[in-house]
Amino acid sequence: MRIALFLTCFNDTMFPDTGRAVVRVLERLGHTVDFPREQTCCGQMHFNTGYRPEAVPLVERFTRTFAAYDAVVTPSASCAGMIRDSHPVLARDHGSAALQEGVAGLAPRVHEFTEFLTDVLGVTDVGARFPYRVAYHPTCHSLRGLRLGDRPLDLLRAVEGIDLVGLPAADACCGFGGTFAVKNAGTSGAMLADKAQGVLDSGAEVLCAADNSCLMHIGGGLSRRDSAVRTLHLAEILAHGEGVPR
Amino acid sequence: MNGPTDRGVVWLGSPSFPEAARSALEDGRLRANLKRATSTIRGKRQAVADELDDWEALRDAAAAIKRRTARHLDRYLVRLEESVTAAGGTVHWATDAADANRVVTELVRATGEREVVKIKSMATQEIGLNEHLARAGITAYETDLAELIVQLGDDRPSHILVPAIHRNRTEIRDLFAAEMGRWGRPAPEGLTDDPADLAEAARRHLRQKFLAAKVAVSGANFAVADTGTVVVVESEGNGRMCLTLPQTLITVMGIEKVVPTFGDLEVFLQLLPRSSTGERMNPYTSAWTGTTDGDGPRAFHLVLLDNGRTDTLADTVGRQALACIRCSACLNVCPVFERTGGHAYGSVYPGPIGAVLTPQLVGVENAASLPFASTLCGACYDACPVKIDIPEVLAHLRAEAVEARRAAQRLPTAEAAAMRAAAAVLDSPRLFGAVQRAAGAAGRAVARRGRIGRLPGPLRGWSAARDTPAPPAESFRRWWRENRENGGHGQSGQSGQSGESGESGESGENTNERKEGER
Ligand code: SF4
Chain A
521 MRIALFLTCF NDTMFPDTGR AVVRVLERLG HTVDFPREQT CCGQMHFNTG YRPEAVPLVE
581 RFTRTFAAYD AVVTPSASCA GMIRDSHPVL ARDHGSAALQ EGVAGLAPRV HEFTEFLTDV
641 LGVTDVGARF PYRVAYHPTC HSLRGLRLGD RPLDLLRAVE GIDLVGLPAA DACCGFGGTF
701 AVKNAGTSGA MLADKAQGVL DSGAEVLCAA DNSCLMHIGG GLSRRDSAVR TLHLAEILAH
761 GEGVPR
Chain B
171 MNGPTDRGVV WLGSPSFPEA ARSALEDGRL RANLKRATST IRGKRQAVAD ELDDWEALRD
231 AAAAIKRRTA RHLDRYLVRL EESVTAAGGT VHWATDAADA NRVVTELVRA TGEREVVKIK
291 SMATQEIGLN EHLARAGITA YETDLAELIV QLGDDRPSHI LVPAIHRNRT EIRDLFAAEM
351 GRWGRPAPEG LTDDPADLAE AARRHLRQKF LAAKVAVSGA NFAVADTGTV VVVESEGNGR
411 MCLTLPQTLI TVMGIEKVVP TFGDLEVFLQ LLPRSSTGER MNPYTSAWTG TTDGDGPRAF
471 HLVLLDNGRT DTLADTVGRQ ALACIRCSAC LNVCPVFERT GGHAYGSVYP GPIGAVLTPQ
531 LVGVENAASL PFASTLCGAC YDACPVKIDI PEVLAHLRAE AVEARRAAQR LPTAEAAAMR
591 AAAAVLDSPR LFGAVQRAAG AAGRAVARRG RIGRLPGPLR GWSAARDTPA PPAESFRRWW
651 RENRENGGHG QSGQSGQSGE SGESGESGEN TNERKEGER
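Top line first, the protein sequences correspond to chains A and B. Per our numbering, residue 521 is the first one in the first sequence, and the count goes up by one each step. Per our numbering, residue 171 is the first one in the second sequence, and the count goes up by one each step.
Treat the hints with caution; some may be incorrect.
Unchecked claim - Pulled a few chain A residues facing chain B out of the computed Cβ check, cut under 7 Å:
{"hint": "1", "residue": "Arg557"}
{"hint": "2", "residue": "Gly570"}
{"hint": "3", "residue": "Arg572"}
{"hint": "4", "residue": "Glu574"}
{"hint": "5", "residue": "Gly697"}
{"hint": "6", "residue": "Ala705"}
{"hint": "7", "residue": "Gly706"}
{"hint": "8", "residue": "Met711"}
{"hint": "9", "residue": "Leu712"}
{"hint": "10", "residue": "Gly741"}
{"hint": "11", "residue": "Ser743"}
In case anyone wonders, no lab produced these hints; they're calculated from the structure. Virtual Cβ for every residue (Gly too), placed ideally from N, Cα, C.
Hey, can you work out the whole structure from these sequences and the hints?
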């Protein structure tokens with residue numbers, strides 16, 4: 521199986537550790553991962569902010585770059601959702617027939633990371649060890665967009681030494697919403713305050729999720745409160761293993 | 171192009187959503203009230219929805235009925251007119267707010283009356299009927315308890331189902347004591363803020379109105395094309411008084427409320443109460459068909475209101491918003507509504523459904539901030555009993571708002587310029603790599619202990635509530651090249667040949683350039 525990593529422009533720039541973690545987990549499971557460097561961005565920011573024509577070249581680039589792979593794995597629920605649900609819309613409304621075909625062919629091969637592990641590779645125990653108190657935040661795009669359900673939790677439960685704690689009001693949106701946090705900063709901040717309080721109330725040392733963007737937002741709120749709670753993409757927890765240095 | 175005043179969706183054109191939300195965000199008590207009210211109703215709704223094992227099938231059925239009706243709306247409306255007329259009623263067609271207000275005013279005038287009682291009708295709020303009637307010398311009395319509170323306070327509704335959700339008991343007591351006398355029977359001396367006391371004061375005040383009224387104005391939840399039956403569901407029974415006691419009944423109804431057959435009601439009468447009040451059944455369901463000798467009103471008028479609805483119907487993505495049965499479930503699960511309350515939406519339709527319906531009714535350019543008043547979290551879609559994909563419509567309307575601005579302005583806005591620049595950068599791995607390095611250097615320059623704090627300019631709002639991590643020194647793509655492609659690890663290093671050959675940009679990013687950019 522030819523597996524490509526689509527890291528997303530945001531993770532590539534801000535959270536390279538998450539990319540390294542995905543590679544490490546997949547290699548530990550015996551797979552070879554490729555990172556085609558023609559990749560950049562799925563176009564989510566443009567699409568969600570209303571700049572659809574600007575997103576089309578990014579869809580074309582994405583489709584071209586990953587066409588040859590059997591599977592495309594991405595550690596971002598919101599970007600996976602963008603590719604699966606919104607690339608077809610853009611291709612239909614603004615693209616060529618060839619793009620529509622390319623998008624339709626590629627979309628089923630694009631997988632969010634936890635989904636890829638559980639549904640395609642059929643693993644829940646990836647041999648990780650992480651002896652810390654961890655809370656999982658189901659981001660809106662993993663919960664209601666991709667319907668990841670318990671997949672991330674199943675993977676986390678199999679981690680050796682982990683102490684998984686519940687997050688109060690876990691399914692409530694953290695208030696990030698991409699450009700929402702800039703356009704409606706006040707409302708976003710009010711939602712963040714409640715989410716950050718929930719994290720503090722959970723007693724967790726580490727908060728994890730399947731989307732670094734939400735984690736950056738929540739982590740930023742925690743940091744502003746001088747909290748010691750760390751935020752970590754769940755791939756980085758799954759990459760933690762005996763004798764594997766970070 | 172019609173403006174909001176032509177369409178008459180009242181008080182739009184007020185501040186944009188972020189601005190209008192500010193006062194609510196600063197009002198801690200309002201936020202606490204909203205949170206308590208919405209989380210209570212949320213819990214009740216979930217419990218009664220979970221009771222039905224065919225809940226999802228009901229939602230599918232409702233969505234299908236609404237879709238089919240929308241596709242053949244013209245046919246069902248004509249059928250409705252025939253049925254209502256045959257049953258002794260009169261149908262009036264109103265293209266916009268001005269039209270509808272004129273029709274209703276003339277109908278009231280023809281009775282010689284100067285007062286009407288009203289039961290909760292969002293359509294008449296949408297068109298500003300009360301204000302219009304007042305200018306014609308006719309007083310409209312709201313008889314729904316929450317509407318009464320809004321009217322006495324010279325206020326605006328802030329919720330579809332609980333228009334006075336923003337008021338607490340003490341405020342309501344003060345309002346009753348100060349204002350009831352001006353509108354009719356005053357509140358009793360020494361009124362307390364006990365809910366039973368308040369309800370009794372309202373009951374006595376309203377009873378006087380019900381017994382005197384000769385004309386009533388109502389809304390409608392549904393109208394059945396086949397039989398001409400109009401349906402109103404409510405909790406207090408005040409609606410039933412309005413629908414049965416007066417001699418003339420005028421119902422103002424958006425054209426999207428029609429359903430094909432009486433049997434279709436079965437689906438909606440299960441979904442609506444469970445979704446809106448968390449009850450298994452509405453306490454009062456009133457259905458009437460034209461007029462009946464010796465029973466109820468002697469004259470019945472049905473005003474069918476368009477006011478932007480046929481334009482909405484023409485939009486194949488946006489038209490699903492017309493399926494809304496005004497249950498308010500989407501408001502109660504919306505984390506944005508919970509923080510801002512309904513007034514921030516600047517229209518009679520607040521919350522997620524307001525954010526998609528209002529811009530469509532008045533033209534997206536007149537309510538351009540509303541489609542952005544959401545994180546696209548999707549809670550509204552999951553809660554909606556008729557399965558309106560509100561996030562899909564929001565994203566669709568965002569694109570329309572951006573296009574409308576592009577068309578209206580010759581120079582691009584700062585946002586448009588930034589989006590275009592970002593698109594250009596992201597369409598080139600070479601430029602993207604360069605920007606990554608520049609951003610990393612700049613970010614680390616302003617960061618303290620790896621964190622970026624408060625920033626000026628467009629990021630002021632973002633940075634007011636949260637720190638941002640400084641971008642790391644090495645992007646993933648740099649790490650990959652140095653560790654996997656340049657012999658560092660080599661395990662999966664075939665990627666240099668894997669991309670298509672067309673992009674020459676990558677090759678321009680040589681080692682020297684990298685070193686300079688980085689160190
Ligand atoms: S959009 Fe759906 S959930 Fe919201 S009020 Fe309408 S029917 Fe209810």
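- Grab the minimum C-beta distance from Leu712(A) to chain B and call the hint holds if it beats 7 Å, violated otherwise. The hint holds - Leu712(A) has a Cβ within 7 Å of chain B, the shortest such distance being about 6 Å.
- Query: When the nearest CB of chain B is found for Gly706(A), is that gap smaller than 7 Å?
  - Reply: holds, 5 Å
- Message: Quick check on Gly697(A) please, does its C-beta sit within 7 Å of some C-beta on chain B?
- Response: holds, 3 Å
- Glu574(A) as chain B interface residue, shortest Cβ-Cβ below 7 Å: This hint holds: Glu574(A) lies near chain B, its Cβ roughly 4 Å from the closest one there, short of 7 Å.
- Message: Hint validation: Ser743(A) versus chain B, beta carbon distance must be below 7 Å. Holds or violated?
- Response: With Cβ-Cβ at 4 Å, under 7 Å, it holds.
- Item | Restraint check, 7 Å cut-off on beta carbons, for Arg557(A) near chain B | At about 6 Å, which falls below the 7 Å cut-off, the nearest Cβ of chain B leaves the hint on Arg557(A) intact, so it holds.
- Task: Let me know if the C-beta of Ala705(A) comes in closer than 7 Å to any C-beta of chain B, holds or violated.
- Result: holds, 2 Å
- Item | When the least beta-carbon distance from Met711(A) to chain B is tested against 7 Å, hint result | holds, 5 Å
- Can we keep the Arg572(A) interface hint, with Cβ of chain B closer than 7 Å? holds, 5 Å
- Query: For the hint on Gly741(A), does the least C-beta distance to chain B fall short of 7 Å?
  - Reply: holds, 5 Å
- Item | Closest C-beta approach of Gly570(A) to chain B relative to 7 Å, hint status | holds, 3 Å
Of the numbered hints given earlier, the model fails none.
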